[in-house]
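Q: Spelled out from the first residue to the last, the chains are:
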Amino acid sequence: MVEQIIMALLNGILLGGVLALLAFGLNLIFGVVKIIHMAYGQFVMLGFYFIYFFYTAWHIPLLLSMAMGIVAMGLIGILVQLVIINPLLKAPRLNQLLALASLIIVVENLAQVIWGADYRGIPLTMPIIQFGEIFIRSSFLIAFIGAILTLGLLYLFLNRTYLGLGIRAVAQDLEMAKGVGINPNVIYYLTQATGGALTGLVAAFFIPIYTVHPHFGASFTLMAFVIVVFGGMGNLLGGFASAFIIGIATSVTAVLSSKEIADILALVLFIGMMMIRPQGLFGTES
Amino acid sequence: MLNVQDLDVFYGEFQAIDNVALKIEKGQTVIVVGPNGAGKSTLLRTIAGLLPPRRGTISFEGQRIDRMEAYHVVENGISLVPEGGRVFPHLSVLDNLKVGSYNKAARAKAQQWMKRIFELFPVLSNRKTQRAGSLSGGERQMLAIARSLMSQPRLIMLDEPSLGLAPLVVDMVFEFVLTMKQEGYTVLLVEQNANKALKVADYAYLIESGKLVFEGRSEDFDKNPYIKTAYLGI
Ligand SMILES: Nc1ncnc2c1ncn2[C@@H]1O[C@H](COP(=O)(O)OP(=O)(O)OP(=O)(O)O)[C@@H](O)[C@H]1O
Ligand SMILES: [Mg+2]
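Sequence lines, in order, name chains P and Z. Here the first sequence is numbered in this note's numbering, starting from -6 and rising by one per residue. Here the second sequence is numbered in this note's numbering, starting from 265 and rising by one per residue.
Don't read these hints as lab results, they were simulated from the structure. Please note: incorrect hints may appear among the correct ones.
Claimed, not checked - In the SDA-like style, the derived pairs of lysine to any residue whose C-alpha atoms are separated by at most 20 Å in a straight line are: (1) Z:373 / P:156; (2) Z:362 / P:150; (3) Z:368 / P:176; (4) Z:290 / Z:445; (5) Z:368 / P:88; (6) P:83 / Z:276; (7) P:83 / Z:277; (8) Z:362 / P:157.
All chains should be modelled from the sequences, with the hints used to inform the complete structure.
A: Below is the structure:
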């Protein structure tokens, strides 16, 4: 039992890294474009299918298929800005939200029409790493290391480059950002492309772990949303920390009771946070 | 250098600027005075490209800028120091300055300029890594001015830079305006503090409820009995 809990803890941390990527993307889009990307988890599903398609239908080597999936999702991110957000820029918030929510239905049904309702995946055998009584799947470890490296690069990008500075400036004060010479459209597209590419990357990490079906994304939308609200909307550091908190909490609960109870726990944490600290664990009052 | 003609600006149905014309020659310091809500900020924001005018033209160095996006206006050499020492509160002092040099031309020389700025504003050089939101009101105003200089403008527009500052700091701000003038900048200064502003001005405009009601040199303002009682408190 102790080993089981330690393993669940480790898996929670490892999966937390990938969830942190999702939370980062959702937070970035919220912070910069000021919209909640309701179909963010569904984009992971789409990215998964893209990689699956490139690999099985076009027989492109797996790593290249993954890279193409990431690029494709980045382009789809730009498309979202162009086709959905831009026309609704001056519309009431609610309309933007509804348009993005309807994107869930569009994406899920599209997947169903193209790939059917079956579970699909790329069978891969990845080694299991063993420490005494503790077993770790190497696919989890790779996903974790990849996620942390990516987050590190994103951190450097945001803090060391002019474009990163532009993103932070637009997130804080759009009008003043324009006033100092930033073209907000460039920043919006860049943000959506980054957010989209991140869903592609998460999908790539998930390839050896899961199989995909048209409703695969829903739980990740929920998970990402719970994490982001838990850590404070738009707070990148808060999202990072809460990804691990939620990752560990759900993974340990799943071992102690069941996967369903774990999902309920995530929601209870979410609702509890909304009631006690609506600004999130690390959010500021404003 | 800057030529504004027949300018009308609206917020929805409300007309904030009504048929305003204004001219600035290179190297001049021009001020716009007027009471609260007269449309002073609106005028500056329109020139900066943050608001589209409904009617009229704005040209800068012979080029029409009234339909340009704000970022393009900055590239063309105009920089606005917004009201209230508005800085990016969650960015460090250093990043606030860096973001001032966002446009391509300024970026190339940003390092050099940063050095000059820190010589000009020693207060800021001790606070490089501090969050701008934690600065005092006066320091924030300095930072807003310094940030705008980082874009290497030829015309710098200041929106009530002395508002809400202690008298000593107000004097410092006006000294900076004089320094900028000596450095060859063209300055458009908006102020409620007409007394102090007129001392540094080559030419002045008075607007009330969006309309231009008087213009002239500082001496003309001093001689006008209406302005004397209404704005100069003499
Ligand atoms: N975003 C806005 N929407 C609607 N009306 C506005 C807006 N901004 C300003 N106004 C109105 O336009 C008029 C001019 O405002 P503006 O801010 O330009 O005045 P000001 O001369 O800068 O005043 P102050 O000295 O108080 O800064 C005011 O009546 C104001 O209420
Ligand atoms: Mg004003």
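Q: Confirm or reject each hint.
A: Cross-check of the supplied hints:
Between the alpha carbons of residue 373 (chain Z) and residue 156 (chain P) the distance comes to roughly 17 Å, so the proposed pair stays at or under 20 Å and holds. Taken as a hint, the residue 362 (chain Z) and residue 150 (chain P) pair is honoured in the structure, with Cα atoms around 15 Å apart against an allowance of 20 Å. Distance hint between residue 368 (chain Z) and residue 176 (chain P) is fulfilled; the C-alpha atoms sit about 12 Å from each other, no more than 20 Å. Annotation: proposed proximity of residue 290 (chain Z) to residue 445 (chain Z) holds, straight-line Cα distance about 10 Å (limit 20 Å).
Under the criterion of a C-alpha separation no larger than 20 Å, the hint pairing residue 368 (chain Z) with residue 88 (chain P) is inconsistent with the structure, at around 36 Å. Restraint check for residue 83 (chain P) and residue 276 (chain Z): satisfied, since their Cα atoms lie roughly 14 Å apart, inside the 20 Å limit. In summary, the hint linking residue 83 (chain P) to residue 277 (chain Z) is supported, as the alpha carbons are separated by about 18 Å, within the 20 Å threshold. Annotation: proposed proximity of residue 362 (chain Z) to residue 157 (chain P) holds, straight-line Cα distance about 12 Å (limit 20 Å).
Comparing the model with each earlier hint shows a violation of hint 5 alone; every other hint is respected.
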